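Asks: Chains as they are written, first to last, in this note's numbering: chain A, 263 to 400; chain B, 263 to 400; chain C, 263 to 400; chain D, 263 to 400.
Please keep in mind that the hints were generated in silico from the structure rather than gathered at the bench. Please read all numbers here as calculations on a predicted model, not as lab measurements. Treat each hint with caution, since some may be false.
Which copy is meant is left open, because identical chains are indistinguishable; a pair holds if it fits in one copy or across any two.
Here are the simulated DSSO-like cross-link-like pairs (lysine-lysine), alpha carbons at most 30 angstroms apart as the crow flies [to be verified]: (1) K370 / K353; (2) K400 / K370; (3) K400 / K362; (4) K400 / K265.
There are 4 protein chains.
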Amino acid sequence: MPKMTADELDGFLRSNFPDREGPLMRVEVIDDMAAEVRLPYHEMHLRPGGTMSGPALMLLADSAVYVALLGMIGPVALAVTTSLNINFLRKPAPADVIGKARLIKLGKNLAVGEVSIYSDGSDTMVAHATVTYSIPPK
Amino acid sequence: MPKMTADELDGFLRSNFPDREGPLMRVEVIDDMAAEVRLPYHEMHLRPGGTMSGPALMLLADSAVYVALLGMIGPVALAVTTSLNINFLRKPAPADVIGKARLIKLGKNLAVGEVSIYSDGSDTMVAHATVTYSIPPK
Amino acid sequence: MPKMTADELDGFLRSNFPDREGPLMRVEVIDDMAAEVRLPYHEMHLRPGGTMSGPALMLLADSAVYVALLGMIGPVALAVTTSLNINFLRKPAPADVIGKARLIKLGKNLAVGEVSIYSDGSDTMVAHATVTYSIPPK
Amino acid sequence: MPKMTADELDGFLRSNFPDREGPLMRVEVIDDMAAEVRLPYHEMHLRPGGTMSGPALMLLADSAVYVALLGMIGPVALAVTTSLNINFLRKPAPADVIGKARLIKLGKNLAVGEVSIYSDGSDTMVAHATVTYSIPPK
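Just chain A, same shape as in the assembly (with noise of 0.2 angstroms):
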């Protein structure tokens, strides 16, 4: 079961990421192996056309996963990011995006994650991710 709450989730990644790009993004939830992270609107993130940026959605699954991951494991801030594959679906509303990711492996030494991204208020996914994540030795 996760061993940090959403609340504290929030306040390690202030406290540990204060010039993180934009605006700071929000931690809904956390379950075992879950999170879910939502990343506020920021007129920053749009592009022609009036669509919520890629890198936006990026940096949206690379967090949910690793907050997922912390959940679990407690606040490691040097876990870092090997690899991320996204396909983008369709083009997100000028709207909050919400990333619900879930850990598909939690080992030693490796963690992958899944995120489905979705517009605020919408059940159409417009982003899928799977995102892996190194795990230091403590």
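With chain A held as given, fit chains B, C and D onto it using these hints.
Replies: Using the frame of chain A, we list chains B, C and D on its own:
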């Protein structure tokens, strides 16, 4: 052969992505099916441990292929990324990062590019990505 | 809703892929935007250490999305894979493997599916893939 | 520099993968952090439309990186693929296919390789893959 120069592409990016995340990237080289793009160092891209963030490298990878593509087909702002895969190989130093993109397919509807990313002044690759773009019909 | 039954798809595969690598896969379930396909155990798929080979799992992932797609659009033999990403999570036992595919995008030209792979009789995921298919114009 | 020759690797594959899917691949070149592997044409790899199958190309991509890796670290049969990403660029002719692999990372626990795939006698790339291997502790 390319339809736009590095300077023209620089100007296109500046006028179409005024609020793009972080400091503006610079188009340094445009060649046949290829481009080189620089992401200037900014502390907003730093992560715990003093390395450049993964999302910053993904932004660079995505942009380098976009620029290589626009170089070939001209300024089509609505080309959109359909998928991106990246492997993070080494921790990048807190310095500018350079993305060297090469198109390995340029079809009517789809383009695929491959990007090697280096820290400025080093010839050791820090990340490698493949990016697919959908090209809108004229 | 699906346009073909599991039996019809089984027959279609048998007549169109007579020389497909290894023992024929079996279509077990067809549902709305989803399919379940079984790759029977065969020692040609074994690897040193007694696990099922990576290429066998990739064949299964590719086929499961193909079957889910044909279920929705009917027998279009010329749909072709444009990209595949797979994470191998655990060593699969020397047994049948089951691929459970779900389409997360079904556009006019492109379909994207996600596949979870299990060893027969186990609910622990051994691999996870995303697969993109290009759909030929009619 | 490589620890094994192309002939030694060929022999190693033959004795460790006796039942490998389809006709045996041939190791043609071993170089520093690189390898070239040939998958002989066989009609079992054909698909409707007369092209070489995607799974055959994935098998080749996986094997070419495996061979480049073994060339550097010696015969470690239990190195396992942890992820593979492939883009299919053009329909390969019904002919031998050649995979040219290059290691872009060779760490203690993980290796990452990049593979360009060509039809025999052509210099147009038909597919491009990146493959990650986990290296077992000695």
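Asks: Against each hint, give a clear statement of whether it holds in the structure.
Replies: Evaluated hints:
no., hint, in the structure
1, K370 / K353, "between (37 angstroms within a copy, 15 angstroms between copies)"
2, K400 / K370, "both (10 angstroms within a copy, 17 angstroms between copies)"
3, K400 / K362, "within (28 angstroms within a copy, 36 angstroms between copies)"
4, K400 / K265, "within (16 angstroms within a copy, 33 angstroms between copies)"
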